[in-house]
Amino acid sequence: MTDVTELGVAAIREGVTKGDFTAREVAEAFNANVAAAQDALNAFIVATPEKALEAADKVDADRAAGKALGKMAGVPIGMKDLFATQGVQTTAASHILEGFKPEYESTVSRKLWEAGAGMLGKLNLDQFAMGSSNETSYFGNVISPWRKQGSNAALAPGGSSGGSSAAVSARLAPAATGTDTGGSIRQPAAFTGISGIKPTYGRCSRWGIVAFASSLDQAGPMARDVRDCAIMLEAMAGFDPKDATSLDLPVPEWEAGLNADLRGKKVGIPREYRMDGMDAEVAKSWDDGIAWLKDAGAEIVDISLPHTKYALPTYYIIAPAEASSNLARYDGVRYGLRDLPDGAGLQDMYAATRAAGFGDEVKRRILIGTYVLSAGFYDAYYTQAQKVRTLISHDFKNAFTECDVILAPTTPTASFPLGDKLDDPLAMYLNDVFSVPASLAGLPAMSVPAGLNREGLPLGLQLIGKAFDEQGVLNAGLAIEQRAGFAAKPEKWW
Amino acid sequence: MSVDKATVAKIASLARLRMSDEELDRMVPEFNNILAWVEQLGEVDVTGIEPMTAVIPNSLRLRDDVVDADPLTGGGKRDAVLANAPAAEHGFFGVPKVIE
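The listed protein sequences correspond, in order, to chains A and B. With the first letter of the first sequence counted as 1, position 45 gets the number 45 in my numbering; the numbers rise by one all the way through. With the first letter of the second sequence counted as 1, position 8 gets the number 1008 in my numbering; the numbers rise by one all the way through.
Treat the hints as calculated values from the structure; they're not laboratory data. Some clues are possibly wrong.
[As the list claims (entries may be wrong)] PhoX-like, lysine-lysine: derived pairs with alpha carbons at most 20 Å apart:
#1 A:K18 <-> A:K58
#2 B:K1077 <-> A:K101
#3 A:K265 <-> A:K466
#4 B:K1005 <-> A:K363
#5 A:K284 <-> A:K294
#6 A:K148 <-> A:K489
#7 A:K363 <-> A:K421
#8 A:K266 <-> A:K397
#9 A:K242 <-> B:K1077
#10 A:K148 <-> A:K397
#11 A:K466 <-> A:K397
#12 B:K1010 <-> A:K363
Generate coordinates for the entire structure from the input sequences, incorporating the hints supplied.
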């Protein structure tokens, strides 16, 4: 029998539907990979093999009964531990939510289970999704399955969806959910040689996702290839009245619409993304991407996004501001940790609980957010940032009068060793330089693998589309995927 | 603009984060580094530009005026609401005494 853990979403669904193997066999194989890799990679906070088997048995029973199977039938997935899962610990990788077992299911995870997917476990991440290397988790670092040639140094799987990227690239799951606030799907996907798409803001319901920065947070799939992302995004997306910013639009048939023929399409190359001192191999992979899209029939046009250099500082005002407000709910009263020193009053309990429950990066962002929202500074920082955000959004609107989709690198470098940037928050923030602008504008954006650098580490290319045009992003991603011929996977050392 | 330790302590107090002296000492330079970096936004000409309120045009909806229109977010869920409380007593959230 084929090793089913080498298969992706589409192949597993097809094999289960045709009866080549059972959903239970698939779940058992991935459960075994999850268990075998846990000590080395730490990709999961909680494994739920019984949930994966339960969902698989239901799919096998449905198939035997001749019932129609869902889009994700028989596909076991990893669930980022930012999605509330009923009865299964949901922590956002924080101490303050350790032991929290939601009484309800997030909309996105519910839709995936209804489509026939099963849960392998809850994936590790940066604490409250704040980080780019998965080093801020209370439950320990995730270790990338990738290593530099000739080195055993532990590398970052990217963040915040670092458990998701590690699990998919190490074949612990054929696909996983991610969430993207400033690049948290695309950057880890690029670091680990997999694909991931953040849809238009509002496509996926935020209901039941632990909130970080609500005007930016979007869920999306991370998988081995573009088609798998299209299938899984269809299962995740859709209108939800419980999310005030949910888009009341039908979900397009992205999988059926896949088409790598780009004749008549224009691809924009933003000149401001070609920065001084850019990594030569990243620049080379970008040039490869341009050649591949040309080969697919697209016309390449030079575009300008003049406010690019202001996107990161804008993000690092708006995201902490929203986080400081969202995280006010963790007070030791309704759920999660409570630290009640002897003789403490209510206010002391709040401050002690939050001090004990949040990690350093979370505290840093709460402080920055509180500062930029405080009386006297609100206009100078927060209002100014929201105005610059409008300008960044205008930049994209103008650019899309001249092109259909934008091509750029996903990250300024390949993955870096754990610990490299931990003492320098600003250096860590700069990792998001290419991913943050699309987040600020709410646009769909995807990372696809482009190749390996000289050290044997994956590099990703990013496609940014017009609002609601996930199809254009997926199609250009597919054109790159077909030409890049990326088949590398991490050599198994765990 | 640069902030001092007293300012960071004030912000921490507003954010209900208890911080030790050592933590404050460590945070002050980090805080100032980040502030110095974001201050470059001040150089952008935003004359006549409205602050962003919604990245994707959308209008706020009203739900149907029906009790428990969506049972997931409707009422009658006291036990579920209290299930994760650190101290639930007599059907309420328990907190330290706040009235002398």
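Worksheet item: Against which earlier hints does the structure fall short, listed by number upward?
Response: 10
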